Structures are given as structure tokens and as C-alpha cells.
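Can you make the complete structure from the sequences, with help from the hints?
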Amino acid sequence: VDRLESADLAERRAASDRRVVLVAALPTRGDVYDTVDADLRQAMARHAAAFDAAELQVVLRFMRGAAEVLAETTRQLRIAEHGETASAHRRSDDVASDRGNLAAERVQSGKRVRSGKSRS
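Just so you know, we're using the working numbering here: the sequence shown kicks off at 106 and counts up by one.
Because the hints were derived from the structure by calculation, they are not lab data. The model shown is predicted, which means the values in this text are computed figures rather than measured ones. It is possible that some hints are incorrect.
Stated by the list, open to error - Quick list of the computed label-pair ranges, beta carbon to beta carbon:
| id | residue 1 | residue 2 | range |
| --- | --- | --- | --- |
| 1 | A158 | R108 | 38 to 46 Å |
| 2 | S121 | F156 | 32 to 40 Å |
| 3 | D122 | E186 | 25 to 33 Å |
Where is the CB? At the ideal position from N, CA and C, for every residue including glycine.
Below is the structure:
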């Protein structure tokens with residue numbers, strides 16, 4: 106957090122108590138985030154364009170399986186270490202699943218995403 110503050114990328118909200126971590130991104134550096142985000146999206150779109158729909162489907166299947174393994178392992182660790190229940194973390198798993206389903210729909214429909222737009 107100290108490095109983010111010194112770079113004017115974020116500010117500490119609870120400056121009086123450094124044990125409390127409440128951080129907010131500063132809007133003055135939004136241009137940096139926007140540039141990096143746009144560049145990353147374009148680079149990823151160029152990379153994805155090298156694969157056909159069948160190859161992307163295999164990648165998607167692998168990523169979904171890996172996400173499920175990681176989620177289950179994390180859930181088991183939380184239960185073992187903290188006695189937390191699976192339902193306590195279900196909401197974040199649902200969000201990840203929804204994102205995966207959206208990507209799958211794009212692949213299955215034969216569309217690829219390029220710079221935020223889809224093409225057939």
C-alpha cells in the first residue's frame with residue numbers, strides 16, 4: 106500500500122491506523138489504468154485470434170476444470186483451517202462460474218472477442 110501511495114495510484118483511507126487496510130484508487134491516474142487495460146485487451150485478442158473455435162473450446166474446458174479444482178481445494182483448506190462452511194464462499198464461486206459460462210457461450214457460438222467486440 107505504501108508503494109501505491111508513493112506512486113499516486115492509491116490512497117490509504119484509514120491513515121490514523123496503519124493496521125486497517127482501506128485503500129481507494131485515485132482517479133487522477135485513471136489514464137494509466139485505461140491505457141494498460143486497452144493494451145492488454147488488444148494483445149490478448151491478437152493472441153486468441155491464432156486459435157480456432159475447437160482449440161479455444163479445449164482451453165476453456167481446461168480452465169474451467171482448473172478453476173473447479175482450485176475452488177474445491179481452497180474450500181477444503183478454509184474448512185480445515187478456520188472451520189468455515191462452503192456456503193460462506195459460494196457467492197464468489199458463482200461469479201467465477203458465470204464468467205466461465207459467458208466465455209463458453211462465445212466459443213460455442215463461434216464468436217471470438219476482439220477489442221470488446223465479437224465477430225463470427
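For this session: Could you work out which earlier hints the structure fails to respect and list their numbers in ascending sequence?
Result: The structure breaks only hint 2.
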